Structure formats: C-alpha cells, structure tokens
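Line by line, the protein sequences give chains A and P. For the first sequence, counting from 1, position 210 maps to 210 in the numbering used here; every step adds exactly one. For the second sequence, counting from 1, position 64 maps to 64 in the numbering used here; every step adds exactly one.
Hints in this document: simulated from the structure, not taken from any laboratory. All values reported here derive from a predicted model rather than from experimental measurement. Fair warning: there could be bad hints in the mix.
[What the hints assert, rightly or not] Calculated lysine to aspartate or glutamate pairs in the EDC-like style (CA-CA distance at most 16 Å, straight line):
#	chain 1	residue 1	chain 2	residue 2
1	P	Lys14	A	Glu97
2	A	Lys109	A	Asp80
3	A	Lys8	A	Glu33
4	A	Lys202	A	Glu97
5	P	Lys14	A	Asp80
6	A	Lys202	A	Glu33
Okay, here's what each chain looks like letter by letter:
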Amino acid sequence: MSQSPLLKVDNLAFERDDSCLLEKVNLSLNSGEILQIEGANGSGKTTLLRLLTTALQPSAGSILYSGVGVSKCRYQYLSDMLYIGHQPAVKLTLSAEENLRWMINSAVKTNQLTIAEALDGVGLSGYTDIPCYALSAGQHRRVALARLLISEATLWYLDEPFTAIDKQGVSFLEQRLQEHLNRGGAVVLTSHQDLSLNNLRKYSLSSELGQVA
Amino acid sequence: MAHSINSGYSAWLKRDLLLAYRRRGEAASSLIFFVMVSTLIPLGLTPESAQLAEIAAGMIWVMALLATLLSVDGLFASDYQDGSLEQLLITPQLLPMPVLGKITAHWLTTGLPLTLASPLLGLMLSLPTAGYLPMLCSLALGTACLSLTGAVGAALTVSLRKGGLLLSLLVIPLYMPVIIFGTATVTYAIDGRLTGCHRWPYSGRYLPPL
Numbered sequence: 001m002s003q004s005p006l007l008k009v010d011n012l013a014f015e016r017d018d019s020c021l022l023e024k025v026n027l028s029l030n031s032g033e034i035l036q037i038e039g040a041n042g043s044g045k046t047t048l049l050r051l052l053t054t055a056l057q058p059s060a061g062s063i064l065y066s067g068v069g070v071s072k073c074r075y076q077y078l079s080d081m082l083y084i085g086h087q088p089a090v091k092l093t094l095s096a097e098e099n100l101r102w103m104i105n106s107a108v109k110t111n112q113l114t115i116a117e118a119l120d121g122v123g124l125s126g127y128t129d130i131p132c133y134a135l136s137a138g139q140h141r142r143v144a145l146a147r148l149l150i151s152e153a154t155l156w157y158l159d160e161p162f163t164a165i166d167k168q169g170v171s172f173l174e175q176r177l178q179e180h181l182n183r184g185g186a187v188v189l190t191s192h193q194d195l196s197l198n199n200l201r202k203y204s205l206s207s208e209l210g211q212v213a
Numbered sequence: 001m002a003h004s005i006n007s008g009y010s011a012w013l014k015r016d017l018l019l020a021y022r023r024r025g026e027a028a029s030s031l032i033f034f035v036m037v038s039t040l041i042p043l044g045l046t047p048e049s050a051q052l053a054e055i056a057a058g059m060i061w062v063m064a065l066l067a068t069l070l071s072v073d074g075l076f077a078s079d080y081q082d083g084s085l086e087q088l089l090i091t092p093q094l095l096p097m098p099v100l101g102k103i104t105a106h107w108l109t110t111g112l113p114l115t116l117a118s119p120l121l122g123l124m125l126s127l128p129t130a131g132y133l134p135m136l137c138s139l140a141l142g143t144a145c146l147s148l149t150g151a152v153g154a155a156l157t158v159s160l161r162k163g164g165l166l167l168s169l170l171v172i173p174l175y176m177p178v179i180i181f182g183t184a185t186v187t188y189a190i191d192g193r194l195t196g197c198h199r200w201p202y203s204g205r206y207l208p209p210l
C-alpha cells in the first residue's frame, strides 16, 4: 500500500449496557469515493456515523484519518469534517439565515458563498427571514443541507440526508454530492434510497448483531 | 487556533442570548417566580418590618437559588433534542469554550436580572440599608456560581426524560456552600462586622465550587 486511505476504520466496536451494538466494522474510504451504509432499522447506522464523527467513543477499534488516529489529530480531523445528523440542529425560534450563520460559524473550511446565496441554492430564497417554526420538516432539512454548499471540508457524514426532501431536492442533493466527489471529497451517508452516483460503494451492517441469539 | 477558541465562546454566547430574546416570556419566568414568591413572604409570615429584616437576606437568597434551579434545567435540553449539542461536541474548538459561552448567556438572562431585582425585594422585606450593596455583590457572584454548578447537573441529566428532580438532588447539596456564604456576607454587613477589605475573603469563598 503506497498511500494510506483518507479514512480507515479498523475493527470498530461499540457496546452500550453490556449489549454489543456494533462489532468488527472494517471499512476504508479514499477521496472521491462515497460509501452508503445500509442496514435494517436499529442495525446501528446512526451509531456508526456518530462514532466516525467522534461524538461517541468506540469501545474497541480505531479510526484513522490519513493514517493517523483521530484522537491524535482531533483538530485537523474535525475541521476537515462536516456532519449533518438525524436531527437537523435547526433552532425553531431563529430564522433560516440566523440558523445557517450559526451553523457555519464553527466551520473552518468554507468557500466564498454568502449565506443568502446558499439558502437560495437550496430553494429557500423567500423564507430567509421567517422563524423556522413556520417552516416544514423538509425545509428544516434544507436549512441544514445549505451547509453543504458552503463547506469546503473533505469528509462529509450525512445521516439520512434525503429524509423529508422532495424529488427535486433529492436530485439536487445527488448533483451536489457528485460535485463534491469530483473535487476529491469523500462522503459517508446512511440512506435507504438507491443512489445514482459514480464511485458508490455500499457497506451493510448485519442486523443480527445486538439481537439475542 | 486562538481565533477559533474565542469565536466558539462568543458565537454560543450570542446565539443563546438571541434565543433567550426570542423567547422572552420563557426567559423572564425565573425572574417572575423570584419576585412573585418573595411577595408572598410578608403575607405568609408577618408584615412586621423588624421580623422581616431578620430573615430578608436568607429569604432572598433561597428564592434566588430556587429561581436559578428552575431555569438551569433547560440549559442543554433543547440543544440535546434538536441535535445542536451533537454539533457542539464535534466543533473543532476547545469544548469548554462554547459551554462557557452558554453558561455566561444563562447567567446574563437569569442571574443578572435576579441580582438587579433584589433591591426591590430588599425594600419589600425591609432589608436594612447596610445590606443592599453586599446583597447585590454577593448575588452577582453567587448566581454566576449557581449557573456554573447547575450546568454540571444539567449536563449530567440532559439525556433523561424527567431529569428535573434528579437535577435538584444533584445540585442542591453543591449550592449549600454558596447560600451559606451568601447570606453570611449580607448578615455580617448588616451587623457591621463586614467592612472594607473583609468583604473580599467572603467573595473568595465562592471560588472553590467553580
């Protein structure tokens, strides 16, 4: 092996309350690749993503970012990463613009796109000043997804990004993902949808784990 | 990296202040509780100003403590529910900075208003004149301390569905030193035993819980 992959996961395991939620997860991801994590409901897809983002600590195994353990290069890893979780982290009393401004505040790698342009890009141009409690679930998701337009991070972790998004939004998101991959980015996402993207690989979590034999 | 440390603190501070401003009613509830309950004391105990003066300092402190406890419960709750807390965990910053930003916002929206309202309550409870300034100073420091200690409890109970009671059980023992020194400062000042430089050792005693 000449060069270490962008992301490498070795024998990752996660236990909670003495039951094993994830075990022997091995995967690797190079730049330009997208990995779709599949599995039945409750098979640990979200847990795996949260482990990758370091929001949860694994009980065994390691996550290597460019060959270095993520705990050793935490700052570099976190600034090169973008995570959109199951809950879109949208504050209902703030407007879409205020939400997005706060969300990208902590991001280190961003492009020149303004907040208004990004919200325009996800089809929220007429809704920027309205408090988010007046918006629909799909629009909340769009506010969170507007981060994808601004972010220059290499690694994207997306937990069910297509939830509550309409058909047009799905094709827009796929297009945006493809652009990101073409620029050398990498994506790990969980979704039950069939995606039409190049360099798509799938990783299945077996649902037997965690069940009583 | 120094820039991002600062921005983490100020970003979360500004955000929480803005959120509190948008939900003014909710943010004012602990202040309203503080004032309303304190007005009940003369009604329930005695309207005699001599007797009220003796208990005024302690009563105001107990009310301030309860009012803080009421609000500290929600410090992380809504962020936990909508996923913002998860985003906080993975920001490329030193984790204490955004948390301190949130706690500062909490103090500015609860502790500081309580402190500023305390002279009014002092008036209602016939607090002797010598007690006003020590009251303000000790409450300003003390409520900051309550916000900081309460944040530990709020963080520990955030994932529980009904964490309110457990939070009180966890946090009230830790509040005890604060209330002891807080009321002692005020009563000593009223008795004339606390003057000038003697004040500072008392404020210093708030620091250990920090």
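Going down the list of hints, with the structure as the test:
1. At roughly 15 Å between alpha-carbon atoms, Lys14(P) and Glu97(A) fall within 16 Å of each other, so this suggested pair holds.
2. Pair hint Lys109(A) plus Asp80(A) holds up; C-alpha atoms about 7 Å apart against a cutoff of 16 Å.
3. For a cut-off of 16 Å, the pair hint linking Lys8(A) to Glu33(A) stands: about 13 Å separates their Cα positions.
4. With a CA separation close to 35 Å, the supplied pair Lys202(A) and Glu97(A) exceeds the 16 Å bound.
5. About 25 Å separates the Cα atoms of Lys14(P) and Asp80(A), which puts this hinted pair outside 16 Å; it is violated.
6. For the given pair, Lys202(A) sits about 11 Å from Glu33(A) by alpha-carbon distance, which is consistent with the 16 Å threshold.
In summary, the numbered hints that this structure violates are 4 and 5.
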